[in-house]
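Q: These protein sequences, in sequence, are chains A and B.
The first sequence maps to residues 1 to 263 in the numbering used here.
The second sequence maps to residues 1001 to 1389 in the numbering used here.
Among the clues, some could well be false.
[What the hints assert, rightly or not] In silico DMTMM-like pairs for lysine to aspartate or glutamate, Cα to Cα no more than 25 Å straight-line: (1) 1054(B) to 21(A); (2) 200(A) to 37(A); (3) 48(A) to 172(A); (4) 194(A) to 1010(B); (5) 1367(B) to 1221(B); (6) 202(A) to 1011(B); (7) 194(A) to 1026(B); (8) 233(A) to 57(A); (9) 202(A) to 1021(B); (10) 201(A) to 1026(B); (11) 200(A) to 1317(B); (12) 1054(B) to 172(A).
If you're looking for bench data, these hints aren't it; they were derived computationally from the structure.
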Amino acid sequence: MNIVVCVKYVPDAQSDRSFRDSDRTVDRDGVDGLLSELDEYAVEEALKIVEAAGEGEVTVLTVGPEAAANAIKKALQMGADRGVHVEDEAIHGSDAAATSLVLAEAVRKATGGTPELVMTGMSSTDGVMGVVPAMLAERLGLPQVTYASELTVGEGTVTIRRDGDTASETIEASLPALVSVTDQINEPRYPSFKGIMAAKKKPVEQWGLADLGIDTSQVGLDAAWTSVVSVTKRPPRAQGQIVADEGDGGSRLAEFLAGQKFI
Amino acid sequence: MAATRLMPTEEGQDLIDLTREICDKELRPRVDEAERAAARDESFPTEVFRTLGKAGLLSLPQPEEFGGYGQPYEVYLQVVEEIASAWMSVAVGVSVHSLTAHPVTTFGTPEQQQALLPEMLSGDQLGAYCLSEPLAGSDIGSMTTRAVAEGSGGEPTAYRLRGRKAWISHAGHADYYTTFARTSDEEGRGLSCFVVPADAPGITFGTPERKMGLHCDTVREVMYDDVPVDASRRIGAEGQGMAIALAALDAGRLGIAAAATGLAQSALDLAAGYAQERQQFGRPIAANQGLAFLIADMEAAVTSARATYLHAARLKDAGRAYSKEAAVAKLTATDAAMRVTTDAVQVLGGAGYTEDFPAERYMREAKVTQIFEGTNQIQRLVISRHVLR
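Make a model of the complete structure from these sequences and hints.
A: Have a look at this one:
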């Protein structure tokens, strides 16, 4: 089976993330980036499916600036077979809807119009919207099977387990389909040095919007359905209030909590 | 703060990135508890070595034709340094393991390399290096472990090893024991080198040493009671053992220098972070020049330690003599580690003296680096002999 895994290059959550003053988009230049950790689970699951089947190919697809090539590189080091990097100045500032449009056209082009299985993480670790998988499935006309914590590929079907707050659902869909996976589904492998060396020889295609037949007016900051008006840093945590117990500690605690509308 | 590195190749940088990721996700979360537990129950981090082996980090410097990854020492040692900055015991283990394969890669016949190296370098196996004895430490030539030749006349077909080795890292956990033993009475010229499989009959182990630190580096005596070893497992000629041991030690010293540098780096990072957070007299203690200069000296010590081992590594990679430079690196880096870790405890004050922070562990771990793989007195002997010849 041939699988396309959509991945995102995100700012490292360990570093100080910020927004650009000019257009209030995420500043991706000033920080180290990496393959979104939630997408590693999708890459791992795709590799496991292909390894178990003994045939097929894993294609990693990303939409993002030049540095996003590092996300593809990491996935290739883990064992994916080839990469597709869609990069275009005009894409900067795209919202989820526009991103899903670019991804959909890229999936079509990468698979000759007939994807077998498209996989994604459950959301990105930076935007954390979690809507792109659904939008992408809609654009591709595929069944969307989201939040998979377990996945089995059968004859022409894919079956997943989705864990909710109160129940676990078993969901089956016909293939081709789109599956998004949670961080419960597996334990992503580390690249090996062998994988690092092998990755250098794997093909990575570079496409722009023109290659995908997408008009620049459909994407970017101006086409976004929402706009960011202002950005405020989360205020530093203020020092807590210390209640010295002079026999009335209990009632003063309750007073404090009631004052904060906790009780 | 991660050390600034200038890697000679892109794959070298990729390796550092991979090492840092594994250190952050697998080593750092485990080290404190594992070291504490090993002090009580002598447990050994087998799983961590498996992870490193799978990633290819246990066979970086060995040639590709033998199943290694053909990385220059300049790259391999920086990987060891990164591992040490996360977990010193494991870095020492990686260095020791590398040492155990050195005789075969350097002095083995093509047949021996083909027979032994694929498994030794597979990443699944761990080696032990059996040189020291209770009464033969720095004075290797006085060792008494014997390898008695078997076979009638001509080349021996097998040997029987009898004796006792001391201070052996990985003893009881290793898959093979690179062992030096006496094949004749000619002191230093009477030693030979053997690769003994762990399941050879007659090998037994002492109880693990109760050490001051580096608890996850299990160290015991290895006893050989007429252990049969096939002649095909003798590396090099009879009597060549001393030369083989010393050549491996030159390379091994660089591993220890790199590990000591990584240990010093984490002590520095800990101290610098603490000094900027800890407030006294209404300002961070780092605002006091007396303390800031201490931090500056620590940084200078770490940076110069790194420079000495990288210099020796580049000489080795270029095929030049590097014995003196390896001794300089081992001396400089381990003395730096001792000073920097001691100063880190000082910067943290009372907190540094408690087990709530790793500073005291770093200090205990640093001490042994001045002792093993040639005491720093022996390093000075090596250096002075090179300079004064």
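Q: Assess, step by step, whether the Cα of residue 1367(B) is no farther than 25 Å from the Cα of residue 1221(B), and give holds or violated.
A: Between residue 1367(B) and residue 1221(B) the Cα gap is close to 21 Å, so the pair holds against 25 Å.
Q: Keeping to a limit of 25 Å between CA atoms, is the pair of residue 201(A) and residue 1026(B) held or broken?
A: 28 Å, violated
Q: For residue 202(A) and residue 1021(B), compute the direct alpha-carbon distance and say whether it is at most 25 Å.
A: 22 Å, holds
Q: Decide if the proposed pair is consistent with the structure: residue 194(A) and residue 1010(B), CA atoms, cutoff 25 Å inclusive.
A: Holds, at about 14 Å.
Q: Compare the distance between the alpha carbons of residue 200(A) and residue 37(A) with 25 Å, and conclude whether the hinted pair is satisfied.
A: It holds: about 22 Å lies between the C-alpha atoms, which stays within 25 Å.
Q: Assess, step by step, whether the Cα of residue 202(A) is no farther than 25 Å from the Cα of residue 1011(B), and give holds or violated.
A: 15 Å, holds
Q: Between residue 194(A) and residue 1026(B), does the CA-CA distance stay at or below 25 Å?
A: 20 Å, holds
Q: Check whether the Cα positions of residue 1054(B) and residue 172(A) lie no farther apart than 25 Å.
A: Status violated; Cα separation ~35 Å.
Q: Given the hinted pair residue 1054(B) and residue 21(A), is their alpha-carbon gap at most 25 Å?
A: Violated. Residue 1054(B) to residue 21(A) sits at ~44 Å, over the 25 Å cutoff.
Q: Does residue 172(A) lie within 25 Å of residue 48(A) when you go C-alpha to C-alpha?
A: OK: residue 48(A) and residue 172(A) at ~19 Å, within 25 Å.
Q: Regarding the pair residue 200(A) and residue 1317(B), is the alpha-carbon distance no greater than 25 Å?
A: 24 Å, holds
Q: Just to be careful, I want the Cα atoms of residue 233(A) and residue 57(A) compared with a cutoff of 25 Å; is the pair within it?
A: This hinted pair is violated, its Cα atoms lying about 43 Å apart.
In summary, the numbered hints that this structure violates are 1, 8, 10 and 12.
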